[in-house]
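Construct the complete structure from the given sequences, taking the supplied hints into account.
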Amino acid sequence: MRGIVGQASNNSAARSVLQRLLPWLCLVAVLAAPGVAAAMGFRIYYQPQLNMKMVVGEGRIDDGDAKRFQSAVKRADRDDEGLVVFILDSPGGNVEAAFRMVDVMDKARIYTVVPNGAKCASACASILFASGARRSVVGSGMLGFHSCYRHEGNTYAEDSLCNEIIAANAMLRGVSHAAINRFVDKYGATEMAWVGPNIACKSLQGLCKPGRLEGRSGAKDALARSFGCSKLTSVAGQLICGDAELTRADDQLARIYDQKMKTSSNRARLRADQRTWLRDSRNVCVDKACLMRSYQRRIDELQRVRS
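So in my numbering, spot 268 of the sequence shown is number 268, and the numbers just go up one at a time.
One or more hints might be untrue.
[To be verified] Using C-beta positions, here's what the derived DEER-type ranges look like:
hint, residue 1, residue 2, range
1, 39, 187, 17 to 27 Å
2, 51, 301, 27 to 37 Å
3, 106, 154, 35 to 45 Å
4, 215, 158, 35 to 45 Å
5, 231, 261, 22 to 32 Å
6, 217, 283, 23 to 33 Å
7, 158, 202, 21 to 31 Å
8, 279, 75, 26 to 36 Å
9, 267, 292, 22 to 32 Å
10, 187, 220, 23 to 33 Å
11, 262, 77, 38 to 48 Å
Worth flagging that the hints you see were computed from the coordinates, not collected in a lab.
Just so you know, even glycine gets a beta-carbon here, dropped at the ideal spot from N, CA and C.
Right under this line is the structure:
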């Protein structure tokens, strides 16, 4: 009972701090890795193994992102818990803009994920990631933390007000005060503490909060590949990258093709046939069934080729 009362007391205090300080957000400058980064863009990625459309957010957080994020969420699917998966790759950015995105996240119910190849730093980690109803860092995904700061001429000054607001918001989400503030004192505006899933999800209490989705067979690996697969330009490429069975078929065909190229007396013909198959069969597919048929036909053809 004491633990429950204590937690309720902490949440009440955190909520009080937020209500008192949020009007001052316009005075809080930045929580981002210093440097130039493209504005955040949002795209829909269809994850074939999970049969789910996700939102991918990539770039610097700035004014206007909340409205565009809200539009993207409407086109995404929901998991078994009714959550939209939000893949994050961002150096951080404007704190007020980040909290406006959090308003959208709270209404839409979001599952924040930082997968292979993605880095979520500063306001992305401390505000967006921490505000997900479910939260996970998978594969080689990284979170970056440092103190909030404001510009003073050509220098950066730590902003304790900003840090207080961020800590209060995180505590409302179940993140411990120690976890969200662990790196604030040691890492200033020009420094960054990078942590992967082992530290983020095992040492920083409450920061990760995996959902039921990750309990599905192969789901964690599918999530881990999501960011890299979403960057591929072709539909066929995204499907092959994102589905374990298609990936195995692609690997099998590649091995057979390589073996035939080593022993073939007419490599030019074999190479031309492979290019024709890619252009006229594999790359015109827009679903898994079509791709599986295409791969099987080509594997059968290659196996019949004589050396």
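Handout entry: Hint check, failures only
Key = As far as the earlier hints go, not one is violated by this structure.
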